[in-house]
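Asks: Once you have looked at the hints, place chain B on chain A.
Read top to bottom, the protein sequences are chains A and B.
With the numbering used here applied, the first sequence covers 368 to 537.
With the numbering used here applied, the second sequence covers 102 to 291.
There could be a bad hint or two in this list.
Stated by the list, open to error - Pairwise CB distance ranges (calculated): (1) Gln-409/A with Ser-267/B: 31 to 41 Å; (2) Glu-207/B with Asp-411/A: 42 to 52 Å; (3) Arg-127/B with Arg-433/A: 39 to 49 Å; (4) Glu-404/A with Val-159/B: 29 to 39 Å.
As the list claims (entries may be wrong) - In silico DMTMM-like pairs for lysine to aspartate or glutamate, Cα to Cα no more than 25 Å straight-line: (5) Lys-390/A with Asp-109/B; (6) Lys-275/B with Asp-394/A; (7) Lys-118/B with Asp-394/A; (8) Lys-275/B with Asp-380/A; (9) Lys-381/A with Asp-236/B; (10) Lys-431/A with Asp-121/B; (11) Lys-252/B with Asp-503/A; (12) Lys-390/A with Glu-278/B; (13) Lys-252/B with Glu-399/A; (14) Lys-160/B with Glu-207/B; (15) Lys-419/A with Asp-130/B; (16) Lys-118/B with Glu-404/A; (17) Lys-393/A with Glu-278/B; (18) Lys-164/B with Asp-417/A; (19) Lys-275/B with Asp-417/A; (20) Lys-147/B with Asp-411/A; (21) Lys-431/A with Asp-236/B; (22) Lys-431/A with Asp-187/B; (23) Lys-419/A with Glu-229/B; (24) Lys-147/B with Glu-404/A; (25) Lys-160/B with Glu-425/A; (26) Lys-419/A with Asp-187/B; (27) Lys-147/B with Glu-425/A; (28) Lys-288/B with Glu-399/A; (29) Lys-376/A with Glu-278/B; (30) Lys-376/A with Glu-256/B; (31) Lys-275/B with Glu-425/A; (32) Lys-164/B with Glu-404/A; (33) Lys-376/A with Asp-236/B.
Said to hold, decoys possible - Quick look at which bits of chain B chain A covers, simulated, 3 or more residues with Cβ under 8 Å: (34) 127 to 136; (35) 141 to 150; (36) 153 to 161; (37) 164 to 171.
Derived by calculation from the structure, the hints in this document are not laboratory data.
It should be emphasised that the depicted structure is a prediction, and the values quoted were computed from it without experimental measurement.
All C-beta atoms, glycine included, are put in the ideal place defined by N, C-alpha and C.
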Amino acid sequence: MNNKDENLKELFDKFYAEADSAKIEKDILRGEQIIAENPAPQPDARLISDIKARVNSELAIREKRRVFTYLRATVTAAAAVLIIGVTLLMINRVERQSPPNVAEGTIPSGIWESEDLMNDDVGLAMLAANIDAVEDDVLAMRFDEKSYETMNLDDVEADVLEISDDLWKG
Amino acid sequence: MEKADRRDLEAVIAGCKRGDSESFSRLIDAYSARLYGFFYRLSRDKTTSEDLLSELFVKLVEKIRHYRGGHFDAWLFTVANNIWRDSLRARQRGDKALEGRKAQLEIDAKKKRISGLETDMIDRLGTELQNIEQDSRELIMLRYYSQMSFKEIAETQGMPIGTVLSKVHRGLAKLRELMVSATEQNKDEQ
Numbered sequence: 368m369n370n371k372d373e374n375l376k377e378l379f380d381k382f383y384a385e386a387d388s389a390k391i392e393k394d395i396l397r398g399e400q401i402i403a404e405n406p407a408p409q410p411d412a413r414l415i416s417d418i419k420a421r422v423n424s425e426l427a428i429r430e431k432r433r434v435f436t437y438l439r440a441t442v443t444a445a446a447a448v449l450i451i452g453v454t455l456l457m458i459n460r461v462e463r464q465s466p467p468n469v470a471e472g473t474i475p476s477g478i479w480e481s482e483d484l485m486n487d488d489v490g491l492a493m494l495a496a497n498i499d500a501v502e503d504d505v506l507a508m509r510f511d512e513k514s515y516e517t518m519n520l521d522d523v524e525a526d527v528l529e530i531s532d533d534l535w536k537g
Numbered sequence: 102m103e104k105a106d107r108r109d110l111e112a113v114i115a116g117c118k119r120g121d122s123e124s125f126s127r128l129i130d131a132y133s134a135r136l137y138g139f140f141y142r143l144s145r146d147k148t149t150s151e152d153l154l155s156e157l158f159v160k161l162v163e164k165i166r167h168y169r170g171g172h173f174d175a176w177l178f179t180v181a182n183n184i185w186r187d188s189l190r191a192r193q194r195g196d197k198a199l200e201g202r203k204a205q206l207e208i209d210a211k212k213k214r215i216s217g218l219e220t221d222m223i224d225r226l227g228t229e230l231q232n233i234e235q236d237s238r239e240l241i242m243l244r245y246y247s248q249m250s251f252k253e254i255a256e257t258q259g260m261p262i263g264t265v266l267s268k269v270h271r272g273l274a275k276l277r278e279l280m281v282s283a284t285e286q287n288k289d290e291q
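Bound-form chain A, shown alone (with noise of 0.2 Å):
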């Protein structure tokens, strides 16, 4: 609504006495009137035209932005789903590769696989055959006192000493 709608002697009884009312309708009447008779002074057609032409290189500015924005936006959302993409790809190659084993490396695949290590592994053998050798001549010793007595220790530390040796050495 504008004021040319607006009831004004209606409007101003809701907050004057009916005689106040008629007069302050007249008052501001005959004071629009004063402004209608003394009008302001037009904008030039200069400026006008300068408005216009300062209007169509903001719209310019604003277009331009827009279309910055627009395009920052497509390619951040395709470095995105690019990103995701190879995350995706490589924990799927990950998965897919077997769990690294650190002992699988360093033995060989006869001993890892064997189901009989005492057989397949010479070195272990060997080493179980020694000391089978040992233990019997320490039973030996320790049931037949001649042969304790002839016996040469030295020999037996000698091969107590090779065993462990070896069985350092693997």
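Replies: Same frame as chain A, now just chain B:
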């Protein structure tokens, strides 16, 4: 406003919201005179009025998207009044030299009045408007140039309608008194 004019205005506003240059051109043509008059009557300065009018339309490029329907003139003149108040605050803060300039302008106007020359060129209404309280002057100009109803002015300015009525009435009554007195004084001088 006629229905056809309203539809036309709606199309212009929709075009402005899309960033259409031609629609802005039409909006500028339709409202420049009234807005310039509004700024001129409040600032009483041609350069200030030109700057404010230009600033208003440049700001509208962004602001028009916030217009959500209703009486467009009321919305537009509320934006204009805010721009005027901002500029007034900026001037009051920084420009002390303005006081000197204003005083000089008043002396010049008085000299012209006394000499009886170029009487028609003196903006008597502009001079007398400066003798009215600032808030009354703003309300009077808003009502006259935006053609807002008292109810709309009260709503946009966040004031009770009774206060708006009272300020506009007091301001216009005083303006009439001052104008009559100035006319009589002018007659006596001649």
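Asks: Look at each hint and say if it fits the structure.
Replies: Here's how the hints hold up against the structure:
no.: 1; hint: Gln-409/A with Ser-267/B: 31 to 41 Å; in the structure: holds, 32 Å
no.: 2; hint: Glu-207/B with Asp-411/A: 42 to 52 Å; in the structure: violated, 25 Å
no.: 3; hint: Arg-127/B with Arg-433/A: 39 to 49 Å; in the structure: violated, 22 Å
no.: 4; hint: Glu-404/A with Val-159/B: 29 to 39 Å; in the structure: holds, 33 Å
no.: 5; hint: Lys-390/A with Asp-109/B; in the structure: violated, 39 Å
no.: 6; hint: Lys-275/B with Asp-394/A; in the structure: holds, 10 Å
no.: 7; hint: Lys-118/B with Asp-394/A; in the structure: violated, 41 Å
no.: 8; hint: Lys-275/B with Asp-380/A; in the structure: holds, 22 Å
no.: 9; hint: Lys-381/A with Asp-236/B; in the structure: holds, 23 Å
no.: 10; hint: Lys-431/A with Asp-121/B; in the structure: holds, 14 Å
no.: 11; hint: Lys-252/B with Asp-503/A; in the structure: violated, 121 Å
no.: 12; hint: Lys-390/A with Glu-278/B; in the structure: holds, 15 Å
no.: 13; hint: Lys-252/B with Glu-399/A; in the structure: holds, 17 Å
no.: 14; hint: Lys-160/B with Glu-207/B; in the structure: violated, 33 Å
no.: 15; hint: Lys-419/A with Asp-130/B; in the structure: holds, 9 Å
no.: 16; hint: Lys-118/B with Glu-404/A; in the structure: violated, 36 Å
no.: 17; hint: Lys-393/A with Glu-278/B; in the structure: holds, 14 Å
no.: 18; hint: Lys-164/B with Asp-417/A; in the structure: holds, 20 Å
no.: 19; hint: Lys-275/B with Asp-417/A; in the structure: violated, 38 Å
no.: 20; hint: Lys-147/B with Asp-411/A; in the structure: holds, 11 Å
no.: 21; hint: Lys-431/A with Asp-236/B; in the structure: violated, 41 Å
no.: 22; hint: Lys-431/A with Asp-187/B; in the structure: violated, 29 Å
no.: 23; hint: Lys-419/A with Glu-229/B; in the structure: violated, 33 Å
no.: 24; hint: Lys-147/B with Glu-404/A; in the structure: holds, 20 Å
no.: 25; hint: Lys-160/B with Glu-425/A; in the structure: holds, 9 Å
no.: 26; hint: Lys-419/A with Asp-187/B; in the structure: holds, 23 Å
no.: 27; hint: Lys-147/B with Glu-425/A; in the structure: holds, 24 Å
no.: 28; hint: Lys-288/B with Glu-399/A; in the structure: holds, 23 Å
no.: 29; hint: Lys-376/A with Glu-278/B; in the structure: holds, 23 Å
no.: 30; hint: Lys-376/A with Glu-256/B; in the structure: holds, 20 Å
no.: 31; hint: Lys-275/B with Glu-425/A; in the structure: violated, 43 Å
no.: 32; hint: Lys-164/B with Glu-404/A; in the structure: violated, 33 Å
no.: 33; hint: Lys-376/A with Asp-236/B; in the structure: holds, 24 Å
no.: 34; hint: 127 to 136; in the structure: holds (count 4)
no.: 35; hint: 141 to 150; in the structure: holds (count 4)
no.: 36; hint: 153 to 161; in the structure: holds (count 5)
no.: 37; hint: 164 to 171; in the structure: violated (count 0)
In summary, the structure is inconsistent with hints 2, 3, 5, 7, 11, 14, 16, 19, 21, 22, 23, 31, 32 and 37 from the numbered list given earlier, while agreeing with the others.
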